[in-house]
Amino acid sequence: MDCSLIIISKSMEANLLFIEKEIYKVGITQSMNGIENHLTRWIQAFAGYAEVEDAHIRNSSTSSLNMTISSEKDITKDLLFILMQTQELVMDKISQAMNVMHEEVEGGILIPRVRNHLVKELISLAVGFADYAEIVNTVSLCVDKNTCFTQFLGNNSTSAKWLKDWVKEN
Amino acid sequence: MPGFIDDIVELQDPIDVMYLMHKAYMKHSEEVEKNAKYCQSDESFKMLSTQLSEWLIHIYYHTDTEDIYMTGPLKDKKLHDGRLPLHENVSEHDVIRTSGHVASESIANMSIISPVSYFSINNILAMEEKNHATLMTKVKSVEDLLKELLGHSKLNTIFRRHLYEQIVALKVAEYDHFENEEAFVLPLVKDQMTKLEQLQCVEKLLFDEKSDYPAWIYDFIKSQLVPREAVLLDTLRKEIEELI
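In order, the protein sequence lines correspond to chains A and B. All the letters of the first sequence, read from the start, carry residue numbers 1 to 170 under our numbering. All the letters of the second sequence, read from the start, carry residue numbers 1001 to 1244 under our numbering.
Same shape as in the complex, but just chain B:
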């Protein structure tokens, strides 16, 4: 099983395209994470926002399509430690979706949600104040005071570091998921799907039939690969075109 930075030299089965896809996605995630770490200016922040959206569009499409066309038709098989790989795969997709949602919500609502909310003031004060109305008054007073004392620049810094933390969490969830999928789910695909079925599944993963431009996934993956790996992808595309 190749790592996410190893060169991929062959695709033994059509479903092995997942190695290329995962590698491409991880490369992009690493770039977004790096940009989130050093993001300072408004301009670089706009770029980060675009990159994150791109990441999420891909990963949401990828996980949704896997649920329907890859793990959906398979039968789960208990591992020696009792885990069920397909069941876990679906749960990991949910973790990724939640992590992605947290980060994208932060960006979408950055103008209306104050970074002071990251201090969990509501939850903390709720430990001692049980009356909801009084609690809300206290929370507002503390938040207003902190906003005033911290000032715009520090609030901005707080927002950025929390966004960075969220992006790191998303990347780690994605990494764990890809690794688990390659180790435990791909063998099930190879056992239970014929070559034609795998090609049909791969076609769904690489081409979005509902889009005006179905090759948007394919193009992105190819753009992230080294030339030799891009040739593997092109060869697989030809095979899909011939057999499906």
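Extracted from the complex, chain A is given alone in its bound form:
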């Protein structure tokens, strides 16, 4: 079994590819509302991912979760700052994609030019998220993956259930 971070990030990357493909179906079998709904759910998953990341890295007092580098080292502080900024960059990219959707799409009709812009922003988001997840995966250390799964995807809380279902869909 993989660490929850890996499981969620793989689903998130796959979901962005799925949304990109769906954009080409707008006006045929898909609507702009449908695209926005998919993206909103992705954002919700991102919030869940950030929470799991936080527990693994910044709040690594839990015995099964830790970092690959010693928290005593000065470089750790720099790395954590980079991680935080990279996460903010992902949020900026989400806003940019949403802006295209809200400001350039008129009446739910997606013309090729705006579709290009939307796809471009989604690709940029996918790249930004992949970078962020790459750093997270690199610096986090999940010793007990069963506990990790139970803690973040296998418990009975509403958010964990939602995230688990979303991951399954992807």
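As a list, the in silico SDA-like pairs of lysine to any residue whose alpha-carbon atoms are at most 25 Å apart:
hint, chain 1, residue 1, chain 2, residue 2
1, B, Lys1034, A, His38
2, A, Lys77, B, Asn1123
3, A, Lys120, B, Met1047
4, A, Lys25, A, Gln96
5, B, Lys1190, B, Lys1222
6, A, Lys93, B, Glu1033
7, A, Lys77, B, Leu1125
8, B, Lys1190, B, Ile1244
9, A, Lys10, B, Asn1156
10, B, Lys1078, A, Glu104
11, B, Lys1154, B, Asp1144
12, B, Lys1130, A, Met84
13, B, Lys1046, B, Thr1098
14, B, Lys1154, B, Phe1045
15, A, Lys120, B, Glu1092
16, A, Lys93, B, Glu1105
17, B, Lys1140, B, Leu1155
18, B, Lys1027, B, Asp1219
19, A, Lys145, B, Leu1150
20, B, Lys1154, A, Leu89
21, B, Lys1140, A, Leu89
22, A, Lys93, B, Leu1155
23, B, Lys1204, B, Glu1010
24, A, Lys21, B, Lys1037
25, B, Lys1147, A, Ile6
In silico contact screen, one side only, chain A against chain B (beta carbon under 7 Å); selected entries:
hint, residue
26, Ile75
27, Asp78
28, Ile82
29, Gln85
30, Asn116
31, Ile123
32, Val127
33, Thr138
Everything labelled a hint here was simulated from the structure, so no lab data went into it. All residues carry an ideal CB built from backbone N, CA and C; glycine is no exception.
We have chain A already, so just place chain B on it with the hints.
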């Protein structure tokens, strides 16, 4: 105004050759983008590099020639929303050149620039560390650590996905520009240039007089068109040969 995938059935004016050229360029850009998306092996990467170079050689020649021979002699005319099409056309050319430069620099320097640089570590740490020497030491430490932790394979993946993003940005800039040019600049060309002047401009766009083989653009465009459109291009070539 035909779209970039529509069949072009006639050229009403010589400058309408732009529809054929834009269509040919967009077709090629789409292919490069697709290859960038699925590029995995070193062999396919070499092919991508060649295709990108070809794309850029064409688009740089096209934009430079337009600046001199097409928009250069024209007078700008303010649109209802205040925009100046010729001024914007030149700015869009700069956007394309910059986007092209970013992608080609990535490929040219792939062996010396680490993909870790895409994480903007320098800019991020500069938010907190103002001393330049200390900043550089910190950046190097973090970059070295990340390089070590990520390893060659992941660094390669990072490089490829960023290159893909750059190529998509270039294609989108090109698409926007072609569309704007067809909607706002070509009407000005038709208004302000005689047929002979248009033919002279088109000749410059299709044939590179400084090259040992001037028809390299013409041949490329023709190779991307369907037979009926290629006939339109051949007919235009004959007209150029007769009148100029």
